[in-house]
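*Asks:* One-letter residues, chain by chain:
There are 2 protein chains.
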Amino acid sequence: MRIGILGVGTVGASVANILKDNKDIITARAGVELEPVIGLVNNLNKERNVSIKLTTDVDEILNDESIDIIVELMGGIEKPYEVVKKALEKGKAVVTANKALLAYHRYELQDLAGDTPFEYEAAVAGGIPIINALRDGLTANHIESIRGIMNGTCNYMLTKMINEGVDYHTILAEAQELGYAEADPTFDVGGFDAAHKLLILGSIAYGIDAKPEDILIEGIENIAPADIDFASEFNYSIKLLTIAKKVGTKIELRVHPVLISNDEMIAKVDGVMNGVSVIGDKVGETMYYGPGAGGDATASAVIANIVDIARRGKGSPMLGFESSHGENLTLMPKEEIQTKYYLRLKIEDKAGVLAKVSNIFADKNISIEKMIQKPLKNNCAHLLLSTHTCIEKDINEALKTLEDTSVVTDKPVMIRIED
Amino acid sequence: MRIGILGVGTVGASVANILKDNKDIITARAGVELEPVIGLVNNLNKERNVSIKLTTDVDEILNDESIDIIVELMGGIEKPYEVVKKALEKGKAVVTANKALLAYHRYELQDLAGDTPFEYEAAVAGGIPIINALRDGLTANHIESIRGIMNGTCNYMLTKMINEGVDYHTILAEAQELGYAEADPTFDVGGFDAAHKLLILGSIAYGIDAKPEDILIEGIENIAPADIDFASEFNYSIKLLTIAKKVGTKIELRVHPVLISNDEMIAKVDGVMNGVSVIGDKVGETMYYGPGAGGDATASAVIANIVDIARRGKGSPMLGFESSHGENLTLMPKEEIQTKYYLRLKIEDKAGVLAKVSNIFADKNISIEKMIQKPLKNNCAHLLLSTHTCIEKDINEALKTLEDTSVVTDKPVMIRIED
Ligand SMILES: NC(=O)c1ccc[n+]([C@@H]2O[C@H](COP(=O)([O-])OP(=O)(O)OC[C@H]3O[C@@H](n4cnc5c(N)ncnc54)[C@H](OP(=O)(O)O)[C@@H]3O)[C@@H](O)[C@H]2O)c1
Ligand SMILES: NC(=O)c1ccc[n+]([C@@H]2O[C@H](COP(=O)([O-])OP(=O)(O)OC[C@H]3O[C@@H](n4cnc5c(N)ncnc54)[C@H](OP(=O)(O)O)[C@@H]3O)[C@@H](O)[C@H]2O)c1
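Those sequence lines, one after another, are chains A and B.
Take any residue in the first sequence, note its place counting from 1, add 640, and you have its number in the working numbering.
Take any residue in the second sequence, note its place counting from 1, add 640, and you have its number in the working numbering.
Isolated chain A (complex conformation) (with noise of 0.2 Å):
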């Protein structure tokens, strides 16, 4: 299948290039070839890391009937509703990361797209594949709420302003030069980009054809540390939360910040990252967790999309590839994994004895990261211990000496650990 890539900025470049990086597994999960083969943009001078032929003329792409589909991301609103609206009376499937135009016309997108694919995974939670849960995983469910924290710059300040005692001004400007917020920040900081995506996420659970300025939004400008200090007091954390929550036949269609239990699984989502909790009737509560901008991640679920669009009419293959795996992939032998180990070994309290245990490691090259000696009653002592990375086999064959040493005691105990 062919695509046609419109903007090529910080996602679309992406999407060209994991397209051709990624290609073996994309085809052998897609069953077929997926080919980006032209890219539009504003300025065709523009330095750009991508390999696909690039247009200034939208009408080049969309008159080109070998393509199959239309991936939109160039941001705005009226000039893409313009574009996919061409682009699906061609026939041409359309993906699109814009929460934007969704929020203001997925519901003539839906009627104009008909029976022709029409998908949008990154517009909302970015990498993280939350419409895909929510349209396709949780459909046995009334959705009774959706909470989520669905803008990374806002999350970003927060929590430096909780960890950090950072004041609002401050982190601002510090998230402006990391480039996590833009030069007018109020698109994110203002709850607005938060807004857009839980519009559509209102749509998916609830059929709620509303706009931006039907509903409560309000953003994080007027947060300080005097509310912060009154949060961890009561082990509240504070959070934009945006919330699409059922109440008889109501639905309420918020974004705003919350003082939040630091027990809810929601709570302990930090930094840059998103995250979504649903509560269905049936299932109860879940929750989703990744990046939610990026070009890279954003792309990953554009490509989701694609594959989802090539696989139309056959369903997703049972275990996941439509052929072979495309890599040649083994099982790795036991003994071969690398980890660090945690041991607990029951050792005689006596002189001589840890210099005995030491050579035992040595011997297997085995280095030791932490120690703690206890005592213990009758002479014995506990040496619980962690070790650098090694290798399966070595801590077996030390185990097993150690095992068969006398002033062992007891069956050595040994848990990986997991970095």
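Mixed in with the good hints there might be a few duds.
It does not matter which identical chain is used: a pair holds within one copy or between any two.
Unchecked claim - In silico DSS-like pairs for lysine-lysine, Cα to Cα no more than 30 Å straight-line:
1. Lys730 x Lys954
2. Lys886 x Lys908
3. Lys986 x Lys730
4. Lys725 x Lys800
5. Lys663 x Lys954
6. Lys954 x Lys660
7. Lys725 x Lys954
8. Lys980 x Lys730
9. Lys800 x Lys908
10. Lys908 x Lys1010
11. Lys990 x Lys686
12. Lys980 x Lys908
13. Lys954 x Lys719
14. Lys726 x Lys954
Everything labelled a hint here was simulated from the structure, so no lab data went into it.
Guided by the hints, dock chain B with the ligands onto chain A, whose structure is given.
*Replies:* Then chain B with the ligands, alone, in the frame of chain A:
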């Protein structure tokens, strides 16, 4: 579409009941009615809370040409393998929650199924749509690793051991009493249940055809308070982790307890809950969290598969619904929202001010839950307080009145509390 349910136990009964209870939304999402018509059981005399016809004769179901989908929820390995095979030979789509069956026979079943749908979302991590995420949501990625907490019994026990200092045998007895652990707990605490799930994920991520006997499986039986002390000392938690990891062209598949940093999102998955963290080469880390067992939660995943099968050939509807939503839901006006509120008031620090402020709240029937007063410079103070649940309209009116009151010196700040 007509559905036969083989096994009407914990999960099977939930499937039958949810298909009836949530028929409105399921039909609106699937675009077709999904009718559970008959169930297979061992014992017709057992009391069960289902309204479908029951039989003990599996052939009565398999030979019924009006049945489109067979849902296998019997448990076991060879018997369901034989039955599912027959169903596929008759061209019936199959849905199962049986991880043991798949741990041993997934590749034979894939071959047998061919183009006939065969789905198994509930077999891994119960209600969490993790198969969906991995097979459809992350297709752009080479999977670098999957780390899962996929056995609720073990996670419940470890969480209790860590948080309450209970020892292994005490907590096992308690888990058995609560029904979280079986009379013979080996399958759970020995890591075998988690291993079955891991093998399924290993296929979807890496195309690895391994059996339980081929991989490293260790249980939690040897974990003692001394290990938990060591772990806590160095900011580790202890979890039974399932790990699939790519190292060069070799794939590690292993299940064992680990020490894992408390800072990792997956380490925050506590109690009976499950969580799966996936690292893709492009998207980075995404994590999926939710209930790994229970009749309704597991049935939620089974039904998602049934809906998926009903949608085959046409894909999921763009905004989630084939027709309208089924229920008549409307957007709640902003002023009707009910929640708790936190308020920051800057007040003059003198006698009578608190009474004045309190009266304003009382007039609007707003009752205060918590309050902190903190002196500021220039004879001012911060009044930080939270309310019990009240109505947005009332709080807004109170805020307006407060703002106009001379003893309140700055515009009050309000943040909602999400409980
Ligand atoms: N960045 C993220 O992390 C992220 C995450 C989720 C969703 N999104 C969404 O993805 C979309 C793209 O975001 P982005 O960050 O990739 O934007 P970007 O870096 O600004 O890229 C936009 C691209 O579109 C081209 N373009 C814009 N308008 C055009 C026009 N009228 N004619 C021709 N070319 C035009 C630009 O051309 P030039 O290069 O020549 O200027 C540029 O290549 C947006 O809808 C955004 O909301 C982004
Ligand atoms: N329970 C969970 O939370 C959960 C979670 C994930 C996956 N699963 C999987 O889902 C499957 C079902 O689990 P479950 O907990 O629902 O099991 P269950 O409560 O024991 O129910 C099994 C049902 O199958 C029937 N059955 C079993 N063998 C049969 C046979 N040979 N002929 C006729 N009927 C037979 C039983 O009939 P009687 O009622 O007459 O005995 C019973 O109705 C298992 O594969 C399990 O691993 C369960």
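*Asks:* State for each hint whether it applies.
*Replies:* Consistency of the hints with the structure:
1. Lys730 x Lys954: both (23 Å within a copy, 19 Å between copies)
2. Lys886 x Lys908: both (24 Å within a copy, 28 Å between copies)
3. Lys986 x Lys730: neither (75 Å within a copy, 61 Å between copies)
4. Lys725 x Lys800: neither (42 Å within a copy, 56 Å between copies)
5. Lys663 x Lys954: both (21 Å within a copy, 26 Å between copies)
6. Lys954 x Lys660: both (24 Å within a copy, 28 Å between copies)
7. Lys725 x Lys954: For Lys725 and Lys954, the Cα distance is within 30 Å both inside one copy (26 Å) and across copies (21 Å).
8. Lys980 x Lys730: neither (57 Å within a copy, 51 Å between copies)
9. Lys800 x Lys908: So Lys800 and Lys908 pass the 30 Å test inside a copy (13 Å) and across (20 Å) alike.
10. Lys908 x Lys1010: both (28 Å within a copy, 24 Å between copies)
11. Lys990 x Lys686: neither (73 Å within a copy, 64 Å between copies)
12. Lys980 x Lys908: both (27 Å within a copy, 21 Å between copies)
13. Lys954 x Lys719: This pair counts as between: shortest inter-copy Cα distance 29 Å, intra-copy 34 Å.
14. Lys726 x Lys954: both (27 Å within a copy, 22 Å between copies)
Checked against the numbered hints above, the structure violates hints 3, 4, 8 and 11; every other hint is satisfied.
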